[in-house]
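Student: We have chain X already, so just place chain A on it with the hints.
Residue numbers (the working numbering), protein chains in the order written: chain X, 215 to 514; chain A, 215 to 514.
Hints may be right or wrong, so weigh each one.
All copies of an identical chain are treated as equivalent in the list; a pair is satisfied when it fits inside any one copy or across any two copies.
[Stated by the list, open to error] Keeping only pairs whose Cα atoms sit at most 27 angstroms apart, straight-line, the calculated DSSO-like set for lysine-lysine is:
no.	residue 1	residue 2
1	Lys309	Lys377
2	Lys309	Lys507
3	Lys399	Lys507
4	Lys373	Lys351
5	Lys290	Lys236
6	Lys351	Lys399
Worth flagging that the hints you see were computed from the coordinates, not collected in a lab.
There are 2 protein chains.
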Amino acid sequence: MLTVFGTMALDTTRTPFRVEEKILGGAATFAALSAAAFAKTGMVAAIGEDMPLVNIEAVRAKGVDTKGIVTIRGGKCFHYDSEFDYNLSSRTTLKTELNVIADFDPIIPEEYANSEYVYLANNDPRQNMKILSHFEKPQLVVCDTIEYWIKTARDDVIKMIGKTDGVVINESEARLLCNEVNIAKCARQILSFGPMFTIIKKGEHGAVLFTQRGEVFPATAFFLDEISDPTGAGDSFAGGFLGHIARIGKTDFRTMKEAVIFGNVMGSFAVEDFGVRRLLAITKDDIDERYQKYRNLVLF
Amino acid sequence: MLTVFGTMALDTTRTPFRVEEKILGGAATFAALSAAAFAKTGMVAAIGEDMPLVNIEAVRAKGVDTKGIVTIRGGKCFHYDSEFDYNLSSRTTLKTELNVIADFDPIIPEEYANSEYVYLANNDPRQNMKILSHFEKPQLVVCDTIEYWIKTARDDVIKMIGKTDGVVINESEARLLCNEVNIAKCARQILSFGPMFTIIKKGEHGAVLFTQRGEVFPATAFFLDEISDPTGAGDSFAGGFLGHIARIGKTDFRTMKEAVIFGNVMGSFAVEDFGVRRLLAITKDDIDERYQKYRNLVLF
Numbered sequence: 215m216l217t218v219f220g221t222m223a224l225d226t227t228r229t230p231f232r233v234e235e236k237i238l239g240g241a242a243t244f245a246a247l248s249a250a251a252f253a254k255t256g257m258v259a260a261i262g263e264d265m266p267l268v269n270i271e272a273v274r275a276k277g278v279d280t281k282g283i284v285t286i287r288g289g290k291c292f293h294y295d296s297e298f299d300y301n302l303s304s305r306t307t308l309k310t311e312l313n314v315i316a317d318f319d320p321i322i323p324e325e326y327a328n329s330e331y332v333y334l335a336n337n338d339p340r341q342n343m344k345i346l347s348h349f350e351k352p353q354l355v356v357c358d359t360i361e362y363w364i365k366t367a368r369d370d371v372i373k374m375i376g377k378t379d380g381v382v383i384n385e386s387e388a389r390l391l392c393n394e395v396n397i398a399k400c401a402r403q404i405l406s407f408g409p410m411f412t413i414i415k416k417g418e419h420g421a422v423l424f425t426q427r428g429e430v431f432p433a434t435a436f437f438l439d440e441i442s443d444p445t446g447a448g449d450s451f452a453g454g455f456l457g458h459i460a461r462i463g464k465t466d467f468r469t470m471k472e473a474v475i476f477g478n479v480m481g482s483f484a485v486e487d488f489g490v491r492r493l494l495a496i497t498k499d500d501i502d503e504r505y506q507k508y509r510n511l512v513l514f
Numbered sequence: 215m216l217t218v219f220g221t222m223a224l225d226t227t228r229t230p231f232r233v234e235e236k237i238l239g240g241a242a243t244f245a246a247l248s249a250a251a252f253a254k255t256g257m258v259a260a261i262g263e264d265m266p267l268v269n270i271e272a273v274r275a276k277g278v279d280t281k282g283i284v285t286i287r288g289g290k291c292f293h294y295d296s297e298f299d300y301n302l303s304s305r306t307t308l309k310t311e312l313n314v315i316a317d318f319d320p321i322i323p324e325e326y327a328n329s330e331y332v333y334l335a336n337n338d339p340r341q342n343m344k345i346l347s348h349f350e351k352p353q354l355v356v357c358d359t360i361e362y363w364i365k366t367a368r369d370d371v372i373k374m375i376g377k378t379d380g381v382v383i384n385e386s387e388a389r390l391l392c393n394e395v396n397i398a399k400c401a402r403q404i405l406s407f408g409p410m411f412t413i414i415k416k417g418e419h420g421a422v423l424f425t426q427r428g429e430v431f432p433a434t435a436f437f438l439d440e441i442s443d444p445t446g447a448g449d450s451f452a453g454g455f456l457g458h459i460a461r462i463g464k465t466d467f468r469t470m471k472e473a474v475i476f477g478n479v480m481g482s483f484a485v486e487d488f489g490v491r492r493l494l495a496i497t498k499d500d501i502d503e504r505y506q507k508y509r510n511l512v513l514f
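Excised from the complex, chain X in its bound form (with noise of 0.2 angstroms):
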């Protein structure tokens, strides 16, 4: 089983050609779904009363486990309104109303404490930190961060990733951890930190995963035509690449790749439509299609 930590939100997106309010988002949101389609997932999150129900309905419909998901009584869900220049590849945050996650002490479901698998959003370190001594023995844990915890709680960060097993990081943020422009350069000082593997997430551009024994696999985006809302993208892929490895059961470099490319593909669907909406609409098949697609796109 594969447990994710982090946000279940509601998010207000704007792009240059769209406007979506309080639409079904946050961290744990995208990874969940796109681990379901591999593998059994449960996911831990805090929610206020404003989450219409109909979300939750939509997110256990595709399988994920929502014994995890604790509402705050009187709370209101973590709210994030973020506009999207032109290009769609600079984000502008308007707001960020912590709302129920800001005190959130979680807790896991006792079934999920036998968790093989742990994804780790971008959460307070010290709070992954906390809900990873609930598990017993994961195999395999890996964990996110961004900008705000490298700026405020750096420390609390490296000693974060020292606990895991694998780092999936924005291309920016590694940078900023590392103090360091060469990603090769940032992976090999995260690395250092001790987990097992990194993968630097690169948007349009893909992803490159690095291991401890120096093997790199440098991965292309799948191509699309047309975004509509690269909200969610590296949660996607984090929850695709975590649940073929769950799927599999391995960590070995092969499986590792097959797992980055999946991952490429779960992000590729999320940035199709708004929000989780077109997680929440593909099939298995649509999954298992599209690798074979990106297969042959690759081919040479």
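Tutor: For chain A alone, coordinates are given in the frame of chain X:
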């Protein structure tokens, strides 16, 4: 035979790590050196009397036919002085001394007239169209262009593209030319000007090939831990691309995809040392070895 028309320059290249003054460079030099490793290649360029003879010898020693290099009496070489920032990705032009290329009226040696393959580097589009009329019946003509011509002679750039079979262009310049951010849309617009294919180069992120038949091939760049000088990567890409096509003698999609990879390979060599130094040092075996390495690298 492949004829390359462009600059043979003396470059002053400054990085935060090293400065090299008046070293051999120029679009034609990078492209011809890269192409000559694959197929018979001649070079058309104007140089001044200050070009050290040793540079001509070095290019000739790598198999480039130099009969098309014209020395302008009393003239000085095109000199480009530029400085890279710390991450070697953004370049500031300090000085552009056109010198002999300002009023160059290119002519081609008689033996070049029946070239099957022609590469028109980022020259004045009117010069490119003019030289093109000297070839008898080339099978494949490929051009590049840069910001300066797009800004000062946009109509001629489009007219030139209409006379070619393929365009190799940087991402940022494709966006400028097409006034469009999405590179798939840029590619379609460039294809609407007439060529059979276009390749959008994305620097360290690789390149994407688009054909008139709707085929797409995104290729990640060869992964390098460290680069020394990004100068000439694009022209080396074009040289490797055209060199492979000239060697195989076909332009089917499969050959073009292989050619993109050989382009990536040559670009990756070019950036490993200052100027053309690395291109002068490598052997055909080095190229084949890196091609195989690339294949293994991206395999999954």
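Student: All the hints need checking, so say for each whether the structure fits it.
Tutor: Going through the hints against the structure:
For a Cα distance limit of 27 angstroms, the shortest separation of Lys309 from Lys377 qualifies neither inside one copy, at 32 angstroms, nor across copies, at 51 angstroms. Taking the shortest alpha-carbon separations for Lys309 and Lys507, neither the intra-copy value of 38 angstroms nor the inter-copy value of 47 angstroms comes in at or below 27 angstroms. Within a single copy, Lys399 and Lys507 get their C-alpha atoms only as close as 32 angstroms, which misses the 27 angstroms cut-off; across copies the closest is 20 angstroms, which meets it. In this assembly of identical chains, Lys373 and Lys351 lie within 27 angstroms of each other by CA distance solely inside one copy; the values are 19 angstroms within and 66 angstroms between copies.
In the homo-oligomer, the alpha carbons of Lys290 and Lys236 lie at most 27 angstroms apart inside one protomer (12 angstroms), although the nearest pairing across protomers, at 65 angstroms, exceeds that limit. Taking CA atoms no more than 27 angstroms apart as the test, Lys351 paired with Lys399 passes in neither setting, with 31 angstroms inside one copy and 49 angstroms between copies.
In summary, the structure is inconsistent with hints 1, 2 and 6 from the numbered list given earlier, while agreeing with the others.
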